[in-house]
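Novice: Turn these sequences into a full structure, and let the hints steer you where they fit.
2 protein chains.
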Amino acid sequence: MTEFELIARYFTRPNRSALLGNGDDCAIVAPSAGNAFAVTTDTLIEGRHFLPTLDPFKLGRRVVNVNFSDLAAMGALPRYALLSLTLPQIDEDRISRFSDGLWSALDAYGVELIGGNTTKGPLAIAMTVFGELPPNAALTRSGARAGDELWVSGTLGDAGWALTSLIRDRSSDGGFAIEATAAQIEKYESPNARVALGLALRGIATSCIDISDGLLSEAKHLATASAVSIEIDIEAIPSGIEAIDRSDKWSAAQRLNAATNVAERDALIVAQLAQHCLLSTGDAYELLFTAPHDQHDAIAEILKRENLPGACIGRVTTLDAANPVRVLDAQSRAMDIEVKGWDHFA
Amino acid sequence: MTEFELIARYFTRPNRSALLGNGDDCAIVAPSAGNAFAVTTDTLIEGRHFLPTLDPFKLGRRVVNVNFSDLAAMGALPRYALLSLTLPQIDEDRISRFSDGLWSALDAYGVELIGGNTTKGPLAIAMTVFGELPPNAALTRSGARAGDELWVSGTLGDAGWALTSLIRDRSSDGGFAIEATAAQIEKYESPNARVALGLALRGIATSCIDISDGLLSEAKHLATASAVSIEIDIEAIPSGIEAIDRSDKWSAAQRLNAATNVAERDALIVAQLAQHCLLSTGDAYELLFTAPHDQHDAIAEILKRENLPGACIGRVTTLDAANPVRVLDAQSRAMDIEVKGWDHFA
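Protein chains in written order, with the numbering used here: chain A, 1 to 346; chain B, 1 to 346.
Hint data in this document are derived by calculation from the structure and do not stem from the laboratory. None of these values were measured; they are calculated from a predicted model. Any given hint could be a false lead.
Identical copies carry no separate label here, and so any pair may be met within one copy or between two of them.
[Stated by the list, open to error] Pairs of lysine-lysine, DSS-like flavour, derived with a Cα cap of 25 Å:
| hint | residue 1 | residue 2 |
| --- | --- | --- |
| 1 | 249 | 304 |
| 2 | 120 | 220 |
| 3 | 304 | 120 |
| 4 | 304 | 220 |
| 5 | 58 | 120 |
| 6 | 58 | 249 |
| 7 | 249 | 120 |
| 8 | 220 | 58 |
| 9 | 220 | 249 |
Specialist: In structure tokens:
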């Protein structure tokens, strides 16, 4: 099978709405009158953004949803995609399943694949997506205002928890048990971009970002772009992880010291790790957004309609430059937690 | 240096014409009224699309020009770019020079870098570019008509010749000499997309493609998309390579048999290799296009104004399905040459 046959068989469909589709030097597209394109690109590399054991069908879905998640965070409707596929070799069975997953995710929004390329090399998938929106309806990161509420869709920590469990299984290093549920593993491996939610939040949310790198670092991006500070109530964050220690380092250390046996100690360590997953691990692909208090009920209604857990988890305050993001405990006391996002080169 | 500092220092500039530039979940862009976007994406992988020895400045220029070449082939004006950078580590000196090369190529057309991402992994660079054009002015592959002339810009074979010389130098395998000039190596390492030519050909060319994979395979793409056949006069193809055997395999074999010493034999082999570079190696990034005979003088004038060699190298005929592309020798006899493009997985 040649490169051209591969593209023709698995990645080509008849053109629908593009002015010129796949198969020329470029595709030609235009947004509807009055609209603009929201565009973003993301690269997924094997062993870094997904495990080599990931089912190719889910990988196809994941590539699309990771990119759509950025469109969702702008309140844009997905329209077109470009795919750059780097493969070590042509394994037709795997490519066929990858292609099925890719199309199932594209078809969910009627998105057209209008171009791309394949090349030989270590497995990597780069996708560029085009969403459409009226430019003044865009949900940017910079519109949060003091007094706004802070909301999150879905549950947090589950994806990081699932990844932790998968990595531990793979390395077989023993130690304390981290058991992820099938639902948590599914949420990690095959996230669903919150596209409908993003569209519903047009005119309601004042700022929005998708959680790809961890709650606290995304909150910091919102705070920085909006020149405000953000307070998060740790008790309010929805999560599918059962036992999370929602207290600060100091009380966790005290309890660890007071532990009378290994099982108790291990349970405390696992609950601390769960806190890290809740606040700082990525791959959630939920939306974090702010909105005025008078939109509270409307947002609760939207989340209910979308069948998403979600919750109001904090508030926007005036800028405190030393503390762009504060996490508050059950007694509304500021917790000592470092706000740090994922850095590929750290 | 963190990932965010790297992006901020080397790949971020103030936004100019984008509705929303770098730094949010998406950029937001729209073409001018009545126009559409031509979009394309290309990935360059170290050791496959460029040699590890390539100067990072030239690599930066190359990434942009390889992508702009597809815009040129559509007759589109470059406007925006997205960059996905996969790096094994942060080598600030190399990144700084890469960034300088990238911006020098983007600045030549006032193109804005509106987004992208960096990640860790084997060196690979994926770029998506947006050009602008009135949709009905697009130079597609499908408009060639029997009777049209076939044109090429610049010279062919030089880039392939340069690459051959560089690879032989690197492997030090001895054998006959292949000496590329500095100009040929420059043309290979740092091509210049024919953007101005593409724009000038709007309303003149009936079809157009850029030569990234070799003259004959690109001609076949034009022929297939336009449902015509194409004849190429081998003697008419401009090249910077000095000694090219422009005869067929049969007469080449006869001369090889008649060679009376090693030097004579080596020279014949090198001249045959030069023919292969002329017809079938890639990396030229010149435009191959068709136009009615009555545009002959206008095209010659455009090439002169653009200071490009170029030439009329053949013609379009009605479809002969068994021979989408024919190469004719000096006596207008069909030569026995296989038409085959580059296949990354062959």
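Novice: All the hints need checking, so say for each whether the structure fits it.
Specialist: A quick look at each hint next to the structure:
no.	hint	result
1	249 x 304	neither (35 Å within a copy, 73 Å between copies)
2	120 x 220	between (38 Å within a copy, 23 Å between copies)
3	304 x 120	neither (45 Å within a copy, 39 Å between copies)
4	304 x 220	neither (27 Å within a copy, 56 Å between copies)
5	58 x 120	both (22 Å within a copy, 22 Å between copies)
6	58 x 249	neither (37 Å within a copy, 50 Å between copies)
7	249 x 120	neither (47 Å within a copy, 31 Å between copies)
8	220 x 58	neither (30 Å within a copy, 37 Å between copies)
9	220 x 249	within (21 Å within a copy, 67 Å between copies)
This entry does not satisfy hints 1, 3, 4, 6, 7 and 8, going by the numbered hints stated previously.
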